[in-house]
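There are 2 protein chains.
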Amino acid sequence: MEIQGLPGRLLAELGPAIASGEIPEGAVLRGEELEGRFGVSRTVVREAVRVLEGMRMVASRRRVGITVQPKSLWDVFDPMVIRWRLAGADRPAQLRSLGSLRVAVEPAAAALAATHASDDDRRELSSLAVDLTVTARAADLNAFLRHDIAFHSLVLRASGNEMFAHLGDSVAAVLTGRTEYHLMPHQPEPYAIRLHREVAEAICAEDAVHAERAMRTIVTGALEELNVQLD
Amino acid sequence: MEIQGLPGRLLAELGPAIASGEIPEGAVLRGEELEGRFGVSRTVVREAVRVLEGMRMVASRRRVGITVQPKSLWDVFDPMVIRWRLAGADRPAQLRSLGSLRVAVEPAAAALAATHASDDDRRELSSLAVDLTVTARAADLNAFLRHDIAFHSLVLRASGNEMFAHLGDSVAAVLTGRTEYHLMPHQPEPYAIRLHREVAEAICAEDAVHAERAMRTIVTGALEELNVQLD
DNA sequence: ATCGCCTCAAAGATATGACGTATTCAAGTG
DNA sequence: CACTTGAATACGTCATATCTTTGAGGCGAT
Chain A
329 MEIQGLPGRL
339 LAELGPAIAS
349 GEIPEGAVLR
359 GEELEGRFGV
369 SRTVVREAVR
379 VLEGMRMVAS
389 RRRVGITVQP
399 KSLWDVFDPM
409 VIRWRLAGAD
419 RPAQLRSLGS
429 LRVAVEPAAA
439 ALAATHASDD
449 DRRELSSLAV
459 DLTVTARAAD
469 LNAFLRHDIA
479 FHSLVLRASG
489 NEMFAHLGDS
499 VAAVLTGRTE
509 YHLMPHQPEP
519 YAIRLHREVA
529 EAICAEDAVH
539 AERAMRTIVT
549 GALEELNVQL
559 D
Chain B
329 MEIQGLPGRL
339 LAELGPAIAS
349 GEIPEGAVLR
359 GEELEGRFGV
369 SRTVVREAVR
379 VLEGMRMVAS
389 RRRVGITVQP
399 KSLWDVFDPM
409 VIRWRLAGAD
419 RPAQLRSLGS
429 LRVAVEPAAA
439 ALAATHASDD
449 DRRELSSLAV
459 DLTVTARAAD
469 LNAFLRHDIA
479 FHSLVLRASG
489 NEMFAHLGDS
499 VAAVLTGRTE
509 YHLMPHQPEP
519 YAIRLHREVA
529 EAICAEDAVH
539 AERAMRTIVT
549 GALEELNVQL
559 D
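Taken in order, these protein sequences are the chains called A and B. With my numbering applied, the first sequence corresponds to residues 329 to 559, in that order. With my numbering applied, the second sequence corresponds to residues 329 to 559, in that order.
The set of hints was computed from the structure by calculation and includes no laboratory data. Treat each hint with caution, since some may be false.
Copies of the same chain look alike in the list, so a pair counts if it fits in one copy or across any two.
Cut-off 25 Å, straight-line C-alpha distance, at most; resulting in silico cross-link-like pairs (SDA-like, lysine to any residue) [said to hold, decoys possible]:
{"id": "1", "residue 1": "LYS399", "residue 2": "ASP468"}
{"id": "2", "residue 1": "LYS399", "residue 2": "GLU534"}
{"id": "3", "residue 1": "LYS399", "residue 2": "TYR519"}
{"id": "4", "residue 1": "LYS399", "residue 2": "LEU473"}
{"id": "5", "residue 1": "LYS399", "residue 2": "ALA471"}
{"id": "6", "residue 1": "LYS399", "residue 2": "GLU452"}
{"id": "7", "residue 1": "LYS399", "residue 2": "PRO420"}
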């Protein structure tokens, strides 16, 4: 589900360029310039710029042009912004931010899931915990990643909080990045796996306290490891 | 910092209408129809629609039209979406979501602030704690609200995490809504005030554990009160 | 020399006509 | 009944014209 057509292509060029700092904060672009640079019409440029303006990465003013806004104003929760930052020079900072966010949110989500999850959710969660164990033992990193993402997304979704649920994609991005850039041990640690099983069991048993504690251990561990790797 | 001009006005009409469910999920709009309904040109309609598409509230497809997407796809973290939902029929759900998010994030932010805050931040925080105490005693709800927002925003900002910092506006929206709709006691509770002072003192003393605990008490209390009021 | 006002031009904002193109739906065909 | 084909439709893109806002420089008065 992405923005299509020429405006989408323009966005795919401009967004990362701005997110990576290649087009620095305060830089001024002119619509006409973009038309020429990308060989598209005014219509297309304006629509792409409007979207960027919607995520507060740029501001368009008459007689001035399109100015890149300071990073502090950007909608840092916008999935597109997150993706662009993860792809560029901001990757470490973005990973750290998301890591801290996970530490805050996922334990709370696990606690809520323990009381709010549907029976289907609980079954699915148990099944995923098993899958995780199996793929970890087989050292199948790709399958492990897939199940890990599914596990954490499901917990977030099962929390019943729409805002938590929406962080599933961001968490997926973090986990994917961690695997892609070899920021995790080649063989997932047995201890982490056991914690995942504990989370699943606690949620199935409606034990919010235990679910929260186990999940907190998982995400704080992940954050610590991330910090070690990034230093 | 809002989207200006005619597209902005169109957004200000369409966004709330969709957010409130007045234009239901799955509804199909035609660009030409919107041109007529709002008396603006294609250019304007297209730009507004593109922004809505950027926040995934609508999807535009050839030969079909502009379809309203299911709520589960919306960028629920987009400040515009939050504002629109708070203004409409989704207000209770939005307040609950934000309340849970606060419970997850603000304690973590307080803990981080205890170790990351600048000296200026700490001074400002102490000052705000005093202001809170004074305005609470004077039962000046508006001034209290202003300081309360400043306090929580500052803690989020001082955490040093950009994503936490960006939740300041949303927290402000929750607090404002709570006051506007008389969802809080006329005289702020002395216990809550003392907790704010405790947070400030703990952050100043670099006591992360204490700051986190006091902040958790504040936000869980607020959430409980919110749930009582909304039932 | 400084302040304030005025004018002009630059750049975005809006409107509109023309054409392109994908997609759906249905008629037609085997 | 399945498949093909074609036409209608609504968005997508381009080009152009005109309007509006606003920053900068000039000009005069104090």
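Consistency of the hints with the structure:
1. With identical chains, the CA atoms of LYS399 and ASP468 are never at most 25 Å apart, being 38 Å at best within one copy and 35 Å at best between copies.
2. In the homo-oligomer, the alpha carbons of LYS399 and GLU534 never lie at most 25 Å apart, since the shortest distance is 41 Å inside one protomer and 28 Å across protomers.
3. Proximity of LYS399 to TYR519 under the C-alpha cut-off of 25 Å is found in neither arrangement, the shortest distances being 38 Å within a copy and 38 Å between copies.
4. Neither within a single protomer nor between protomers do LYS399 and LEU473 lie at most 25 Å apart by alpha-carbon distance, with minima of 31 Å and 28 Å respectively.
5. For the identical chains of this complex, LYS399 and ALA471 are neighbours neither inside a copy (36 Å) nor across copies (30 Å), given an alpha-carbon limit of 25 Å.
6. In the homo-oligomer, the alpha carbons of LYS399 and GLU452 lie at most 25 Å apart only across protomers (23 Å), although the nearest pairing inside one protomer, at 39 Å, exceeds that limit.
7. Proximity of LYS399 to PRO420 under the C-alpha cut-off of 25 Å is restricted to the intra-copy arrangement: shortest distance 15 Å within a copy versus 31 Å between copies.
This entry does not satisfy hints 1, 2, 3, 4 and 5, going by the numbered hints stated previously.
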